[in-house]
Amino acid sequence: MHIDTILNQIKQQRFEPVESSWAQGRTLFGGITGAILCQVASEGVEADRRLKHFQVEFVRPTLAETPYQVVSEDISHGKTLTSREVRLIQDDKIRVTARADFVRPIESDVRIETFTPPKLKQPNQGTALSGVGLPAFVGHFDNFVTTEGVPFQGHNVPELGGWMRFLKSPEKITEAHLVALIDAWPPTAAPFYTGFKPVSTVSWSIHFTDQVDSVPKDEHLGYLAKVNFGSDGVSSSTADIWTPDGRLVAKSLQTNLIFA
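In full-length UniProt numbering, the protein residues as written are 1 to 260.
Hints are not guaranteed to be accurate.
SDA-like mimics (lysine to any residue), calculated; alpha carbons at most 25 Å apart, straight line [as the list claims (entries may be wrong)]:
| no. | residue 1 | residue 2 |
| --- | --- | --- |
| 1 | K52 | Q9 |
| 2 | K11 | S76 |
| 3 | K11 | S214 |
| 4 | K197 | L253 |
| 5 | K93 | Q69 |
| 6 | K93 | R26 |
| 7 | K197 | N156 |
| 8 | K52 | L253 |
| 9 | K251 | T209 |
| 10 | K217 | S21 |
| 11 | K93 | R14 |
| 12 | K172 | P105 |
| 13 | K52 | P118 |
Okay, the calculated beta carbon distance ranges per label pair [stated by the list, open to error]:
| no. | residue 1 | residue 2 | range |
| --- | --- | --- | --- |
| 14 | Q125 | R247 | 14 to 24 Å |
| 15 | Q9 | E46 | 17 to 27 Å |
| 16 | N8 | Q125 | 28 to 38 Å |
| 17 | K121 | L167 | 19 to 29 Å |
Calculated directly from the structure, the hints in this document are not laboratory data. We put the beta carbon where it would ideally sit given N, CA and C, even for glycine.
Please work from the sequences and hints to get the whole structure.
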């Protein structure tokens, strides 16, 4: 089941069970549930408003191959800002919640750009995020680690990054696609641990720039996350995501649990 199949079903207001290829064990990969909520939130928004902020809270595991529903409501709608809350419900329990903020551009002469793309090794010089022992969902992605710290290899390096794209290209890249791509990376603290450990995302916030429409669908995007702090199995990290020609697409802030 390709991600476009899932998102196109959402556009038709069909909430079909998501197959286990998007799972980690019996639980759906958080990036795909986040993408589903992002797509639902985007439906019916005025064309001149763009998604600038997306906040996700993972309340309970969402099961693969199991029916679910999504409810959405506007919590604010003004001349400039529309804020929506969406909830994924399965077996009468809230599993994932999200808030999406859509902004109409404000005419302004001020433009602030501070991002300089990091110099990373090329994908063919990195380590593929694939192989035995990794969750099923990684098979949908073509991601390579090119930083020194490789997940679950016992490297005390407080950063994790490289290149990411879908193994099978979508029709185009949207904010919902980016949600799935970004979450396909393990927690940034993962290199500190030896051997694969169970992980969970507690909360996640993404800030989108105005460059999403220009994201290529079949080229690798850059990704570099740095640990803000970590102790007692809890870690916080901030990541930059950029296009091959060095334009910032999004910033991501996550709080993760690593059970080890």
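Evaluation of the provided hints:
1. K52 with Q9: 24 Å, holds
2. K11 with S76: 22 Å, holds
3. K11 with S214: 22 Å, holds
4. K197 with L253: Given pair K197, L253 holds - Cα atoms ~21 Å apart, limit 25 Å.
5. K93 with Q69: 10 Å, holds
6. K93 with R26: 17 Å, holds
7. K197 with N156: Within the cut-off at roughly 16 Å; holds.
8. K52 with L253: 14 Å, holds
9. K251 with T209: 8 Å, holds
10. K217 with S21: Holds: K217 and S21 sit about 21 Å apart, inside 25 Å.
11. K93 with R14: 19 Å, holds
12. K172 with P105: Status holds; Cα separation ~23 Å.
13. K52 with P118: Roughly 23 Å separates the two Cα atoms, so the pair holds.
14. Q125 with R247: 14 to 24 Å: 22 Å, holds
15. Q9 with E46: 17 to 27 Å: 23 Å, holds
16. N8 with Q125: 28 to 38 Å: 36 Å, holds
17. K121 with L167: 19 to 29 Å: Distance hint for K121, L167 holds at roughly 20 Å.
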